[in-house]
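S.K.: As a plain string of letters, each chain reads:
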Amino acid sequence: MSGEDFDALDRGDNDGQKSDKMFTLKKWNAVAMWSWDVECDTCAICRVQVMDACLRCQGESKKDSYGKQDCVVVWGECNHSFHFCCMSLWVKQNNRCPLCQQEWSIQRMGK
Amino acid sequence: MSLKPRNVDFTETWTHLKETVAGVVGLRAVERSVWNTRFSDVYALCVAHPEPLADRLYDETKSFLEEHVAGLLARVRGSSSLENNDHNDGLLTRYVTAWREYSQGVAYLNSLYSYLNLQHVKRQKVSDAEIIYGSAATVSCPENDARQLEVGELGLEIWERVLVRPLSTALTGRIVSALCSARDSTPDPALATTLKEAIHSTVQVRAFRVRAPLQLYQQLVLEPYLAAAGAAHARMAAALLAAGDVAHYTRLALQQLEREVSLGARFLDASSAEQVRACYERAAVAAHLPALHATVDKLMRDAATDERDGQERRDDLRRMYVLLRPLGGAALRPLVDAAHAQATADGHALLAQPHNKDEAHTHFVNAMLTLHGKYSKLFADVFGGAQAFIGALDKACSAVVNFRGPTDSCARAPELLARYCDCLLRKRGGGGGGSGETDVDEKLSAAIVVFKYVDDKDVFQKYYARALARRLIHQLSASMEQEEAMINRLKAACGYEFTNKLHRMFTDVAVSADLNAKFQQHLRDTNASTTPGFSIQVLQAGAWPLGGAMAPLAPPQQLERPARLFEAFYRASFSGRRLAWLHHLCTGELRTRYTPRVCHLSATTPQCALLLSFETVDQWSARDLRDALQLGGDAWWRHLRPLLDAALLLAEGDVGAGDGGGEPAPDATLALNLAFSCKRTKLRLTCANAPSHQGAATAGAGAGANAGAGADSGESATHCDDDRKMYLQAAIVRIMKQRKVLRHTELIQEVVSQARGSFAPSVAMIKKCIEALIDKQYLERAPAALDTYSYLA
Ligand SMILES: [Zn+2]
Ligand SMILES: [Zn+2]
Ligand SMILES: [Zn+2]
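As they're listed, the protein sequences go chains A and B.
Residue numbering for the first sequence follows UniProt numbering, beginning at 1 and increasing consecutively.
Residue numbering for the second sequence follows UniProt numbering, beginning at 1 and increasing consecutively.
Hints should not be assumed to be uniformly reliable.
Under 10 Å between C-beta atoms, here's a sample of chain B residues computed to sit facing chain A [said to hold, decoys possible]: (1) 496; (2) 541; (3) 581; (4) 588; (5) 614.
The hints are simulated quantities; they were obtained by calculation from the structure and are not laboratory data.
For each residue, glycine too, the CB sits at the ideal point set by N, CA and C.
Produce the entire structure from the sequences given, and follow the hints as far as they go.
M.R.: Shown next, in the form of structure tokens:
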């Protein structure tokens, strides 16, 4: 990280210009956490937390040497959400949301 | 000679034949022409007309041989007294001389009688298979009916019956006596040859037999010899043990065993080797087991000392093992138990050695590695790495590693081992360094040796995950390669599930680096002003052991802009994601501008916010400031206190001291200490960890300080139970989803085997989890069958 100052963003204040500022913010190492924007954090089909890979993917990545998972979440028009893997299998048998029985149609996919 | 059957005068023919037979059996020279004539005579008698004379010839030959052997018997016996057992009285020599002559002669005779053997005897013989498999059960064996023996065999049978039987006691006595004296001193070569031939004659004389060919040898030689030898071995062993020197006994016993085995190999039939050895082991070792077992504890203790004569003591112990090993598991048990007890005691002693409390983790791991290394080597050296002893060492290590003192609520191994790894994986602060990278790799590999013995691997995993989170978030790792290698070692030891979350944490860091680069690029592309001092880590929820996460905070103005820019960038890059700032983990670096000497302060975001509040205001009411920053509960004091301790801020009145989240007094005030000075140019402001009720320990902002690792030891145990229940419930659901219907005992077994890598669950806990899942309607008791559960989809 370069030594450039944060407040270079806020024009009109930098090192060259003596001001009565008490502190200069040099660096900010931020930490944030992401999670799927879901109402219920458990997938009703496989009963695993949506932040974790679905049961099937967990089983498969056991064989993988690396735990890299690509098991995303899918939202229906009804706003219910499931693992995409789980829902893909589900709709083959029954094209309704397992929670509200509305006809299933995808509203958006997690990425 | 004519092949045509004809009349033959038996008496006349036999008279000539008999003369030649006597010559052949007595090994006198017989002319070729005479031999040929007699050979034809045998043929002529067998095919004689009108009546074959084979039977008569056979009977006459038998009578002749019986008479001949009776003559030999008198010769062999000579003037010897059959009652004494003096093997030097010439009887053995005469016996062997007669045997050599007779056995050779009878072999020639067998050729002379070839035609009779072939045509007359063979036809009556029953096949071996018929005898062995019993279809000829009623047909007698050849040895029981002389008519069915070839002439050579007949001759041997007569030798045994007429000569050996009457002499059996005398022969046995002399053979046994000769063998016993050969044990103590090498016999002269002539006697040795005689003895050997005499013994082998008892085998050869029955060699043609289908059943029990060694019976005569066993009765005459082996059994009497083993009886005598056994008694001698027992006497010797008793005398040695009575002298009380076990080391001397083991040395001598092994020598004698060797001597006994080679004596047997030299004189006895090859088939007896095992019996000779077993006889010795029975008489000299097995019979004295209690006395030997009474010494193994001391032998083991002595062998484990590092003193100068340790090698000799190890040799003693090795000899004891070699003596006991053939006697099987029960005889070896006390030795295995002693090995286990010694290693266990030594392990506890090593752990109890005085050490610096701050280095408890290093002491613990080093002690365990010393223990494991020492006894692995000892047991490989002394016991050839036999499985029973490796098992004893494993049991001992496991007992020592998981030892709980009377006052400990849980074993300390998980915590100490995790701390050991943490210290190795951290960047070493300047100066102290010295251990190179390969050294660290070796130490981490060695830590796995200890890790394998830890029972509560799940507890270790928690400590490890917390320390890893601290290292990753605060960039304290010495090397990402080492971090990854260690996770892979743990995975190799415990499996994917164990390290899944560690892997995800590790991956988040790599993804974040990429994300930072893309964000900066995005800012350049959109001509937004760049934010070089800004870096971010985006962690996935669920993988990181972070508690007290989303405490509300009004971030300082200066941070709002980059945060908002990043949020927008993130939203555009992904979809369906929620982003939350973990302010208590964010660190900022502030530079003082009001002090004579510039000082760089590393601080948490709330601390930055606190300090930056004094940009425009010299003095705050403590209560107002707290409310402005929305630092509720104990967060206020945790973040504030280090600023007061460092004398950056000055307090007037009660500003809310106390870990319980004390309320600032209404008139309490805070002011910036304008006279602040610091000897160092960098100051890292630590922050106490959030207490446990905020969730499984924050990866505290106690960056840099080791304090974090030790502080949260108690709470881990209490949280562990809940996590184990969660783990078991997940395992039960997984199993039941796959199996649909399962009996209670099978389910318990499967759950136990799945959990084995992490911890040993109690059946009671598994039962509770099953009940909980029934309540939650994941499972039900199968209506039809007792003790069976079925999965509810
Ligand atoms: Zn699912
Ligand atoms: Zn999946
Ligand atoms: Zn729905």
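S.K.: Hint by hint, say whether it matches the structure.
M.R.: Verification of the hints:
1. 496: holds, 5 Å
2. 541: Constraint on residue 541 of chain B satisfied, holds at 4 Å.
3. 581: Nearest chain A Cβ about 5 Å off; hint holds.
4. 588: At 5 Å from the nearest chain A Cβ, residue 588 of chain B passes the 10 Å test, so the hint holds.
5. 614: Holds, because the Cβ-Cβ distance from residue 614 of chain B to chain A comes to roughly 6 Å (cut-off 10 Å).
Checked against the numbered hints above, the structure breaks none of them.
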